[in-house]
Structure formats: structure tokens, C-alpha cells
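Q: Given only the sequences and the hints, what does the whole structure look like? Please build it.
Top to bottom, those sequences are chains A and B.
So for the first sequence, numbering that gives the first Met the number 0 puts the first residue at 0; every next one is plus one.
So for the second sequence, numbering that gives the first Met the number 0 puts the first residue at 0; every next one is plus one.
Don't take every hint at face value.
Heads up, simulated DSS-like pairs for lysine-lysine below, C-alpha to C-alpha not over 25 Å straight-line [as the list claims (entries may be wrong)]: (1) 211/A to 20/B; (2) 213/A to 20/B; (3) 287/A to 41/B; (4) 284/A to 79/A; (5) 428/A to 705/A; (6) 2/A to 79/A; (7) 7/B to 41/B; (8) 211/A to 39/A; (9) 287/A to 7/B; (10) 39/A to 51/A; (11) 523/A to 705/A; (12) 7/B to 284/A; (13) 79/A to 38/A; (14) 38/A to 2/A; (15) 150/A to 130/A; (16) 130/A to 79/A; (17) 41/B to 284/A; (18) 523/A to 38/A.
Quick caveat, the hints were computed from the structure, so don't treat them as lab data.
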Amino acid sequence: MEKTVALAGNPNSGKTTLFNELTGARQHVGNYPGVTVEKKEGVCLENGARLKVVDLPGTYSLTAYSLEEVVARDFLVREKPATVINIVDASNLERNLYLTVQFMELGVPLCIALNMMDVAENRGIDIDVEKLSHLMGMPVLPIVARNGRGKRELVAAASGLIRTPEKSPPLVISYGADIDLALAEMEGKITGAGFLAGAYPARWVALKYLEKDKQIRELGHASDAAFAAELEEVAERLAHHLETTLQTDPEAMIVDHRYGYIRSLMQQGVVSYRGDQSRLHVSDKIDKVVTNRFLGPLIMAGVVFGLYHFTFTYSEVPVGWVEDFFGWLGALAEAHLPDGLFKSMMISGVIDGVGGVLGFVPLILFMFFGIALLEDSGYLARVAFMLDRVFRVFGLHGSSVMPFIISGGIAGGCAVPGVMAARTLKSPKERLATLLTVPFMNCGAKLPVFALLVAAFFGDHRASVMFLITVISWIGALLAARLLRSTLIRGAATPFVMELPPYRLPTFRGLLIHTWERTWQYIKKAGTVILGISILLWAMMTFPGLPEERLAGFERQRQEILASAPASSVAELATEAEELSAETQALRDRLLEVDAAAAEAALRNSLAGRIGTSLEGVSRLAGFDWRTNIALLGGFAAKEVVVSTLGTAYSMSEVDPEETAALSARLAANPAWDPLVAWSLILFTIFYAPCFVTVVCIARESGSWKWGAFSMIFNTALAFALSVTVYQLGSLSGYWGG
Amino acid sequence: MAIINMRKMAVDQAGTIVDIKVGGELGRRIRDMGLVPGTRVKVQGRAPLNDPVALRLMGFTLTLRNNEADHIDVEVEG
Ligand SMILES: Nc1nc2c(ncn2[C@@H]2O[C@H](COP(=O)(O)OP(=O)(O)OP(=O)(O)O)[C@@H](O)[C@H]2O)c(=O)[nH]1
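A: Here is the structure:
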């Protein structure tokens, strides 16, 4: 049978790098059952034997406070990997060993991969590997994950460990007289009763009871409530005793003693230093500039702008290729499929829908590459550090800034990669609030809608109105986040106890793997659901078709036009020539007008049209008629559809979102429209339900469809409330002659 | 040698932690990262808006918000 080797260690210790080094391309990314924590698996070949390698989430400890830590220890306990490779950062030994000690207490078969040996050497840190191995009672293998040094020896040691039948017993640390006494009492009881036996060592369970570990206490309660109560009582007694005698609690004392244990190991000459240890590392020197009070924000603005520019400028070309490809596919279908519903579904439903999703792929690829660069180099942590004070006011986290910018915080952007960028946030509440508010930013697809309205009604103040729109969306998003964080996602801020990793030059291979993994997940996740929804939307805008007699009516109009035209023009039109005489051109335009009127009638008659019309009673409050309603409904597929659907609803043939001057002119001339309606629609467009690709992503990233649905309902309600308020107040005050 | 609250420490000032007066999740996270009595820390810098603070301990850099640093008492050097 294939043996499992788990990789475990602190964040930034080089786990992913070693994992890639061990498994090469033979890897697979998924999720741990029921949670959104990523699970990476791969295969490592050693002397013809296959080892399954699982990359556990990076953690500093094994408490029940964070999802990652629970996932990691559950895996160790339930899946019982044949051996665990604990990656330890040699340049940061003491803190890394804190996790190692906890693995030892859990009694898992362990060996240490002492990584970053090159960094340690550079900093003048000498580690006596043999002594460390002897003191810890396990193999310790020095490696440099980045270039593969020591990899072979590591794999050999891990395999050796798998073959050794006798496992070393769990480590026993002294936690001081009081705690030791309580532990001994509890351990005896637990062993006697066979409580939670098979899964956890008895002393470990006792420790977790003293630490008030929620998960273990719940497990215990479920398995034997009476016995669990007994243990809890011992724990309470000890806690009370420590509180009265030492003003401390067991949890704190346990941590102190663990670190004390590690210190005592260190003092036995494991580490010796060369040179001046108080001198600044390169990384610290960079930080002096990069997080400087004045330069820091400037550099940050530059970097953010650079990322933005990189993502949206350089992805234009490949995005164009993808669009061209789907355009070509559409033309192919247009030319070769027989006219009818099937053709219409293939073109408007399938090809446009899937094309829309895949059109994002190059964008996402570039964005993830940029983020991976910032993340792997260590800069992203600095951004969080510098901006935390601002974002915290709104219940968010310093790391929320990237998702906001990517979603269109400056102008143009996309909420899909924005939502996915929220992965870099480790605190669950702040992350959820970020996921739910980034869609308020002005993504590239909303811009044509604004451009249309601004051109029609605020032609003189284009730039300032556009700027105002950006400001409104930021204020709205931040206030909405504040609202969510004080209602639905209430709770204290997640502690900002965060490591600032040293700056490191990322490896190109690491970046590519990182980028591709995330992009592929997007394609897989978004692709499946989206096909269904885009067919559904197509059907809503198509069925039911116009009744026979109305179709016949439009046909009659066409015949009349043809009959009244001179025969030469009709003949010329039939040749489908590119260049037409003025007379024929006029004839063609009249025919196109009939087509457009037929399309408008069909749209109004369709299910979407009927919904739009029936909503008119309500939407009038915000100044929207049925045409706007359908357009907004279409905007759920993709925001730029708002423009083209408005075009159809106003009987204009084929409105290109990039070329909206004609539609602009028509809106400006229409008595139903005025600047107030335009503002109302602008506000609605900023805040209403995100497009469905984004909704799918929110659902996936938050791990629940509930939040996807919530974002549709909440955002639309908020948007409607704002639009109605503005429209009604505006009308009341008679401003703009409303 | 004075014992002061970590929030009051100046940039580049160093000292040894003497007490951490918070429990629960925050207390645990602070301690798990090595901020326990006896650890030597140095204030490496502060964010542009003065909060959070960056600390150097045991060879790595850790950030902490001021209201989290409030729970930590340090015996400062010199
Ligand atoms: N100099 C040096 N750098 C390394 C070594 N191993 C990894 N790195 C770098 O350290 C950084 C972090 O490595 P990762 O593999 O992403 O670390 P991780 O533990 O997976 O971190 P998380 O993904 O945050 O859990 C990357 O920039 C690596 O290139 C090493 O042995 N020497």
C-alpha cells in the first residue's frame, strides 16, 4: 500500500517549495472535507516506491482557535500518516520548534527537515545538527528547499522512519508542580476509562482539557458526557487554584513552559553565532525604507498601481485572443447551423456565456501572477501592516486592500479575481466581509454603463463625475463592511499577531505553479455553473416568442417596404454587396428598423420582459421603466450586457458596449430620462447584485451558497434603497426638473 | 530598570517581557508566537499611522496592534 507522508510546519518555512521539489508535477489540489482550507497532495518516487505526500496547512501551533490548526491536527490524528516531515526554518529555530514540540506531545512519528540552511549560514547562525537530533530524539536533515540540497537524504530518512516498527512514545514535558499533578490525575482517569482511546494519547487529551480546547471538549462531551464533566471539574479546580495563587491560567502556563523547554534545549549548545548578531539584516534595511512613514505609502501606491497596470494592460492582448476565438466560433455557428432556437441558444447562451467566463482567464492569470510575486516576496505582508489602521476602522484587515484594488478600486478591474485574491486574508470574519463588499468596486464591465450615462447627461463634467462615482463606491463598500461587521459578521477583530517574513526573491517555478493552480481552480469552478446560468438567462430573454400574428405583422411591414421600393434597389440589396447606393442604403436602414422593432417587441414579450414590466410598479420609485429593468436583469449575466440590452429595448440594432454614442443621444433626447434618473441608475449599477460569475466565486470562496445568495439580495436591496432615496429626494426638491 | 507597557516603547528600544495580562484567543496567539515572559524584544518600527508596531524577537519580525500590545509589560533596557 502507498504510505502517506505529511509535510507540516510554520507558514513561510518553505513547505510549499519543498512540496513542489518532492512531488514535481505529480500533484493535485483540493479541499479538506467540508472546509475551504486547501489540501495539496502529490506523489514522490523513492527507489521505485511511491510515497503519497500531503501538504498540511502552515500553522504556528495546534490550538482549536484557527481552522488551519484544527485541520492539521485532525489530519494527523485521523489519517495517521506513516511519518510527518516537520519543516523547520533554521534561521528561526526557537519559534519553529514550538510546533515541533507539540507534534512530539501528540506522539506522531516525526523527522525534522531543517530548511533555509543557506539563510542561517549567511546570518552567521551555526546549528549543531547532530546535537539537535540527539536532543529531540529524531532524525534532523539539513536542506535548502529552494535548490533541492539535501532532498535525497531527507526522503531516505523519512522512508527509514516508515520502516522502523517501534514508534517513540509521546514527549512528556514538565509544566510545573501544580499542572503536572492535575495532568497525572487526569491521565490516570483517561487511561482507565479508555476515554477517546485509539485517537489521542491520554496525556494529550488531559492537556487539551486544561487548555480549554473547544474541539476536544466537545468531542469528549459527545463520547461520554459524565466522564467529560469529571475532567472538566479537575481542570476548573486547577484553573481556580492558579488564578488565586499565581494570577495566571493553565493555558498561559503551558505555553510558557513549552517555550521554557525549548530554551533549555537551546542552551545546551545547539546554536552558536558568528559575527555581530545585532546588525541589521538586508531585509530590515529594506523595511526601513519600504515601511517608512513618508516613503512607505508612496512606494505602496506605486506598487499597487504597477500591479494594476501589469494586470490590465498586458492581459489585454491574450484577452483579445480569447474573445476573437469565441467570436470566430460564434461566426462559425452563425454560418453553419440552421436558423432557429438551437442556433440562438448555441450562440447567445453557450458560446457567449462560456466565452464570457473564459474571457476572464488571461486577466486572472496575470493578476494571480502579480499577487504571487507580491506574496512570495513578502511585500504583501508589509501592505497589510501599513494599511491595517485604516481598514480596521471598517472592520476589515490590512490585507483587504488588494482585493479592493483588483476589483476596480481605482477604476476598471474585476470582482472575480478580486474575490479570489481575498484568499490571502487569514482571518475568517474580515475575509468574509471583504468578499461581500468588493463587488461594489467599479469593475471594467460597469464602466460602459457609466460612460453611456455620463456622456448622455453630464457631458461637461465627465472626469469629475467619474471620479465621484469611484469615491461613492469606496465609501459605500467601506460603510457596508462596517455595517456587516457590526451585525451579521459581528465579532472582535482577529488579532493582528502576524509575522513579517523576510524579503525573499521568489523562484519563477514557484510563481508559475502558484499562478496556474489558482487559475485552473477558477476555470473548473466557474465553468460548470456558468454554462447552466447563461442558458437560463438566454431562455428568459427568448421565451415565450412573439405570437404568430405579430410576427406576421412585422413580416408584412417588411414586404410593404420592399414593394414600395424601386426594383433596382431590391435587386442590389439581394446581392449582399458591401458598397450600396444611397437609395439602397436607405432601404436597408428601413428594413433594419423593422428588425429592431421586432426585437424590442420580442424582448418585451419574453419572460424577462414580463418580469421587467411587472416590476415597473416598484422600480418607478427609483425612476426605472421596464426597459431599464430588463437591462439590469441582463446585467446579472455580465454588467456590460446592461448597455446592449438597453439598446435592444430602445429598438436600436446591435449596440456595441464600446460605441455608445447613438444610444447616448437617444437617452438624452428621451423625455423619460433626465440627470436624476441617470444618477439613480448609476447608484443602482454600483451597488446591485454582482454578476453571476462573481456570485459563484463568492459562494465557493466563502464555502456556502448562503453567502452567494446573500450578496445578491443584500446588494440589490441596498442599491434599491439608495436609488429610491436619491430619486425621491431629487424629485421632491424639484432639482433637475424631476 | 523600568517596567513599562509595550505600547509606550520607542522605536529601537529593547527589553524583556515580564508579563502578559490577557487570556483567551488573543492571549494564546500572542504567546504561541513566542511572546512569553523572558523573551527579549526590540521595537523594529511602526506603521505610517503609528499602529501596528513591528517587533523583533528570536530572529524574526512580528506585528502587533497597539491595543494588543497594551496587554504586554516589558522591562526595558537602559
Ligand atoms: N533562501 C531560501 N529560501 C527559501 C528556501 N525554501 C524556501 N524559500 C523561499 O521562502 C519563501 C516561502 O516559501 P514557501 O514554500 O512559499 O513557504 P510556505 O511554508 O509554503 O509558506 P505558506 O505558503 O505561507 O505556508 C519563498 O520565497 C521560497 O522561495 C530555502 O531553503 N532557502
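Q: With reference to the structure, classify each hint as holding or not holding.
A: Hint-by-hint comparison with the structure:
no.: 1; hint: 211/A to 20/B; verdict: 18 Å, holds
no.: 2; hint: 213/A to 20/B; verdict: 22 Å, holds
no.: 3; hint: 287/A to 41/B; verdict: 15 Å, holds
no.: 4; hint: 284/A to 79/A; verdict: 44 Å, violated
no.: 5; hint: 428/A to 705/A; verdict: 15 Å, holds
no.: 6; hint: 2/A to 79/A; verdict: 10 Å, holds
no.: 7; hint: 7/B to 41/B; verdict: 12 Å, holds
no.: 8; hint: 211/A to 39/A; verdict: 30 Å, violated
no.: 9; hint: 287/A to 7/B; verdict: 20 Å, holds
no.: 10; hint: 39/A to 51/A; verdict: 11 Å, holds
no.: 11; hint: 523/A to 705/A; verdict: 21 Å, holds
no.: 12; hint: 7/B to 284/A; verdict: 24 Å, holds
no.: 13; hint: 79/A to 38/A; verdict: 16 Å, holds
no.: 14; hint: 38/A to 2/A; verdict: 17 Å, holds
no.: 15; hint: 150/A to 130/A; verdict: 21 Å, holds
no.: 16; hint: 130/A to 79/A; verdict: 28 Å, violated
no.: 17; hint: 41/B to 284/A; verdict: 15 Å, holds
no.: 18; hint: 523/A to 38/A; verdict: 16 Å, holds
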